[in-house]
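Enquirer: Here is what each chain is made of, one letter per residue.
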Amino acid sequence: MGMGAIATIAVIVIVLVYGVMIYNNLVTLKHGVTKAWSNIDVLLKQRHDELPKLVETCKQYMQYEQETLERVMKARAAVASAREKGDVGALGPAESELRIGLGNLFAVAEAYPQLKANETFQHLQTRISGLENSIADRREFYNEAANNNNVRIEQFPDIVIARLFRFGPAELLEFSEEEKRDVDVKALFS
Amino acid sequence: MGGAPLSVQIRQADEVELWLMLGVLVLVAVIGFYLGFRRLWLARVIEDAPTARIRSAPQGYVELVGEAKAMAGEPIVAPLSKTSCCWYRYSIESKRGGEWRTVRKQTSDGLFLVADETGECVVDPDGAEVTPGTKRVWYGDGDEPITVVMPPRGAEGVQLGPVVMRSSGAMFTSTHRYTEELIVPGDPLYALGEFKTLDDIDHHQSRSEMTAAILREWKRERRRLMDRFDHNRDGVLDASEWEGARLLAAQEAARDHAEQLAHQHVHTLRRPQAKDRPFLLSTLPQFRLVRRYRWEAFGGFVLFLAAGGLLTWISTLRLW
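Protein chains in written order, with our numbering: chain A, 1 to 190; chain B, 1 to 320.
One chain only, chain A, in its complex shape (with noise of 0.2 Å):
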């Protein structure tokens, strides 16, 4: 055996060797993105139980807030179709609409003293903002891990491996720009 087929040998094991690595990792990566997606799951489905408790309290007082309520509810079913359905396409729309109508709603409960003052509305007031943050915590985790396979795929020589083992994109979960707009307070009391 000469020296060029041994070199050709320890070439052949370097790029073998190599390819399962790169094989390996997207296939981390993958299920990298597909656990993001599971980890913001838990915590939408979280807030889903607590939101009608939210509203029930509310109800109490606000008689005369019925479609704020209604938009809350509405966009909590949305949400959850979408939860249920893995549809990241959809989540993002039906996620700020939600918070949009949450944002409306905590504005709304200023003029209610009364019901500021009820302890399980402070309760489920904490609880809910503290989960909000948490999800747009997720939020950004998923973003970043479907970003990093997204660009994996497309980086030679990981695009090689993946369009061989057709690795796909992960599709990123984009909130509106609606969404990140501040509650117009004095719209609401007009």
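No lab work stands behind these hints, which were simulated from the structure alone.
As the structure is a computational prediction, the values presented were derived from the model and not from experiment.
Watch out, some of these pointers could steer you wrong.
[Claimed, not checked] Computed list of lysine to any residue pairs in SDA-like fashion (alpha-carbon distance at most 25 Å, straight line):
id : chain 1 : residue 1 : chain 2 : residue 2
1  : A       : Lys35     : B       : Val45
2  : A       : Lys35     : B       : Ala43
3  : B       : Lys196    : A       : Glu140
4  : A       : Lys53     : B       : Val290
5  : B       : Lys275    : A       : Lys45
6  : A       : Lys35     : B       : Val290
7  : A       : Lys45     : B       : Val45
8  : A       : Lys35     : B       : Lys275
9  : B       : Lys196    : A       : Val27
10 : A       : Lys30     : B       : Trp41
11 : A       : Lys35     : B       : Gln251
12 : A       : Lys45     : A       : Arg127
13 : A       : Lys35     : B       : Lys196
14 : A       : Lys35     : B       : Gln286
15 : A       : Lys35     : B       : Thr118
16 : B       : Lys275    : A       : Asn148
17 : A       : Lys35     : B       : Arg270
18 : A       : Lys35     : B       : Pro278
19 : A       : Lys45     : B       : Lys196
20 : A       : Lys35     : B       : Tyr61
21 : A       : Lys35     : B       : His265
[Stated by the list, open to error] Not the full set, but computed from the structure, chain B residues with beta-carbon under 10 Å of chain A:
id : residue
22 : Trp41
23 : Ser56
24 : Ala57
25 : Pro58
26 : Gln59
27 : Leu305
28 : Ser315
29 : Arg318
Note that CB positions come from ideal geometry on N, CA and C, so glycine has one too.
For chain A, the structure is supplied; the task is to place chain B on it using the hints.
Expert: Chain B in isolation, oriented as in the chain A frame:
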């Protein structure tokens, strides 16, 4: 044989020398191969791990980026420089026959914190691959580094200011070498490991237990209890007055319980149980750590190719 070309020396080497040489080269090639891929894989793991925030980090294998902080209580003090730190690793070596041999070495396994803008997490560094930012090497002539110049100490004997180390001798004439690596409070910290939130709800009392405890406490001060709840002033707490006291105690218990719940979570980061997942701690920023691992991977592959090439060349000279 000294002046002969290498190929001639190899052709003239006896069987034992030849096989020893081949054995060493195989070992070096294998180490280079392993090191190359291991470091490349580590770099990719770091690049691909999304960064979590401590308050909402998912349970499991996560990457955290923050600042090192010491835990409250007994401080961790680096044994050689007596610097108050979060983590240390040191070695004392003595020169024997022109070579440095380790006399003593130790790695800290004390807990410390990593903090980001959302919270704090306890780090258990046991089993971590640590890349600290601070490394000091100095020389002296004893088993203890007596040449350390120390600023004044605090009340508990902990070093307050930075430590200045002066070598008592030059690198080549000293008999001892001291090496110390540190992570100090305030250092930026990159951490990759198993995140777990400990829920110590089991250690908390239930609301009914807390209500009962509050009532017991009130009963001990009978006069105050009567003043507060004996509304008809007949010297006896009847059923409705007692129910009033119980309701108030229950409200107080609910408040205390809510407070306990708010403080019950302790986040921890430790070595993952799965052996294929690295546990990394570094004061280097992520991109520099990745760059370092990529250079080490490159070094490993160069080692592999050099040893492999030499192995093949010797084999063609003597075996084929």
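Enquirer: Kindly indicate which numbered hints from before are broken by the structure, ordering the numbers from low to high.
Expert: Violated: hints 4, 5, 7, 11 and 29.
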